[in-house]
Amino acid sequence: MKPFFVRLACFSTPLVFTALAFVALVYHVGELTPHEEIIKRQMRGSLLYGPRSDGNNLHYKLLSIEMRRPEIIVLGSSRVVHMESGLFNRNPQAFFNVGNIEWGLHTLQAFVDQLDPAHAPAVAIVGIDLDWFSQMFLTDWQTTYSTGVDFDVDRLWLASTETARELIRGESIRDGVYRRLFSRVQPLCEDPALGIFAISRGIGFRSDGSLQRSPRSNDNDVNAEVRMAELARVQSGTDSYWTGQVLSPEVVSYLDRFLTTATAKGMFVIGYATPFNPEVYRVLSTDSRYEFFSQSAAAAARIFAQHDLPFFDFSNAADFGSSDTEFYDAMHPTALANVRLYSVLLDQVPDVLSAYSDGALLRQVIANSDTPYDPFGAIHCD
Numbered sequence: 000m001k002p003f004f005v006r007l008a009c010f011s012t013p014l015v016f017t018a019l020a021f022v023a024l025v026y027h028v029g030e031l032t033p034h035e036e037i038i039k040r041q042m043r044g045s046l047l048y049g050p051r052s053d054g055n056n057l058h059y060k061l062l063s064i065e066m067r068r069p070e071i072i073v074l075g076s077s078r079v080v081h082m083e084s085g086l087f088n089r090n091p092q093a094f095f096n097v098g099n100i101e102w103g104l105h106t107l108q109a110f111v112d113q114l115d116p117a118h119a120p121a122v123a124i125v126g127i128d129l130d131w132f133s134q135m136f137l138t139d140w141q142t143t144y145s146t147g148v149d150f151d152v153d154r155l156w157l158a159s160t161e162t163a164r165e166l167i168r169g170e171s172i173r174d175g176v177y178r179r180l181f182s183r184v185q186p187l188c189e190d191p192a193l194g195i196f197a198i199s200r201g202i203g204f205r206s207d208g209s210l211q212r213s214p215r216s217n218d219n220d221v222n223a224e225v226r227m228a229e230l231a232r233v234q235s236g237t238d239s240y241w242t243g244q245v246l247s248p249e250v251v252s253y254l255d256r257f258l259t260t261a262t263a264k265g266m267f268v269i270g271y272a273t274p275f276n277p278e279v280y281r282v283l284s285t286d287s288r289y290e291f292f293s294q295s296a297a298a299a300a301r302i303f304a305q306h307d308l309p310f311f312d313f314s315n316a317a318d319f320g321s322s323d324t325e326f327y328d329a330m331h332p333t334a335l336a337n338v339r340l341y342s343v344l345l346d347q348v349p350d351v352l353s354a355y356s357d358g359a360l361l362r363q364v365i366a367n368s369d370t371p372y373d374p375f376g377a378i379h380c381d
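The opening residue of the sequence shown carries number 0 in numbering that gives the first Met the number 0; numbering runs sequentially from there.
Hints are not guaranteed to be accurate.
Stated by the list, open to error - Restraint-style ranges between C-beta atoms, simulated for each label pair:
1. Ala317 with Val221: 18 to 24 Å
2. Met42 with Ala231: 42 to 48 Å
3. Arg232 with Lys39: 39 to 45 Å
4. Asn219 with Gly376: 17 to 23 Å
5. Asp220 with Ile365: 20 to 26 Å
6. Thr370 with Ala297: 19 to 25 Å
7. Ala228 with Arg256: 33 to 39 Å
8. Asn367 with Ala304: 23 to 29 Å
9. Gly265 with Pro349: 36 to 42 Å
10. Ala297 with Thr262: 20 to 26 Å
11. Ala297 with Thr259: 17 to 23 Å
12. Asp318 with Cys188: 49 to 55 Å
I should point out that these hints are in silico values taken from the structure, not numbers from a laboratory. Cβ coordinates follow ideal geometry from the N, Cα and C atoms, glycine included.
Please take these sequences and the hints and turn them into a complete structure.
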């Protein structure tokens with residue numbers, strides 16, 4: 000029996016040490032770093048946080064609110080994530096972006112349910128995706144999320160598999176991923192980063208909570224092709240655009256409940272319909288298959304009015320001076336499009352927002368911007 004155990008030990012020991020070394024690498028790149036430590040580092044300076052195990056970003060955002068105590072937030076889906084602290088030029092530190100990819104009203108409700116009233120910001124700007132109001136939303140887009148903890152077995156598994164994938168993909172050596180994994184910097188400017196997506200692809204949350212896309216996504220030609228492909232999909236009624244003849248009463252009630260909870264916790268909520276690029280908006284607003292869409296903004300406005308809160312329909316980007324070229328795709332506005340949108344919002348609600356933003360300076364940003372992706376210089380290297 001003794002030789003058997005000796006052979007077993009000889010066989011298993013390298014595997015155990017390899018596994019331990021791999022877990023150590025996963026920890027080193029920040030996938031397992033507690034959210035509290037991530038937030039402390041972001042509060043001290045610039046740090047891009049882009050984990051693969053992103054199912055628990057609700058906890059990360061909630062804890063950020065608790066630790067940072069912002070006065071004003073932006074809340075919503077991936078369509079609000081490019082709103083940056085530069086919009087709030089009178090006091091950038093007062094702002095935090097609580098948007099996240101694939102969040103819907105379910106997760107927004109979870110956010111306000113768990114938000115401690117003592118930590119609630121004074122103002123919440125909430126982006127409402129009008130396609131949420133389709134009955135199909137309830138069956139096709141119910142986001143899952145984790146709450147209350149910042150580590151679990153699923154997170155370890157996702158982090159491990161994604162790290163392994165980055166190590167073996169052919170582009171990793173060419174793109175310098177191996178070196179960046181150990182130095183923990185992102186591709187853009189070699190700035191500090193934690194999380195496999197931030198380090199390998201430059202994707203993650205900045206210190207103000209806004210999302211930095213991969214530098215490769217800032218390509219006008221590529222984005223034009225994406226917009227054309229998504230226009231074809233909306234014309235055919237497929238992909239993430241839900242057809243429907245009537246508003247979903249469940250979603251209407253969800254929005255009412257959300258506003259009731261948010262205002263009870265002391266927040267003044269400013270709502271707006273998140274924009275589509277003008278070409279896609281034309282199809283959504285005229286195609287009979289999307290009849291619910293033409294009713295959605297009015298329904299949202301009625302619910303906000305019932306709570307004595309303002310709501311603005313920005314679903315057509317042309318209405319606030321933007322265009323197709325200021326969108327990554329059909330429905331995700333670039334940072335410059337968001338400057339235009341927020342400038343109009345500032346003009347509409349000056350008694351609340353002028354404490355945080357100077358409209359004249361924002362108009363200068365718009366006039367001087369030579370790219371739709373970086374009006375505030377957030378992705379420029381010194």
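Comparing the hints with the structure gives:
Under the hint 18 to 24 Å, the C-beta atoms of Ala317 and Val221, about 23 Å apart, fit the expected range. Evaluation of the 42 to 48 Å hint for Met42 and Ala231 yields a pass: the beta carbon distance comes to about 44 Å. About 42 Å separates the C-beta atoms of Arg232 and Lys39, a value consistent with the hinted range of 39 to 45 Å. For Asn219 paired with Gly376, a C-beta distance near 19 Å keeps the hint of 17 to 23 Å intact.
Judged by the Cβ atoms, the range 20 to 26 Å given for Asp220 and Ile365 holds: they are separated by roughly 23 Å. Between Thr370 and Ala297 the beta carbon distance is about 35 Å. The supplied range of 19 to 25 Å is therefore violated. Separated by about 36 Å at the C-beta atoms, Ala228 and Arg256 satisfy the suggested range of 33 to 39 Å. Under the hint 23 to 29 Å, the C-beta atoms of Asn367 and Ala304, about 37 Å apart, miss the expected range.
Taken as a hint, the range 36 to 42 Å is violated for the pair Gly265 and Pro349, whose Cβ atoms sit roughly 21 Å apart. Hint check: Ala297 to Thr262, Cβ distance near 21 Å, so the stated range 20 to 26 Å holds. Distance hint for Ala297 and Thr259: a CB-CB separation of about 20 Å, consistent with the stated range 17 to 23 Å. At roughly 35 Å, the beta-carbon separation of Asp318 and Cys188 lies outside the given 49 to 55 Å, and the hint is violated.
This entry does not satisfy hints 6, 8, 9, 12, going by the numbered hints stated previously.
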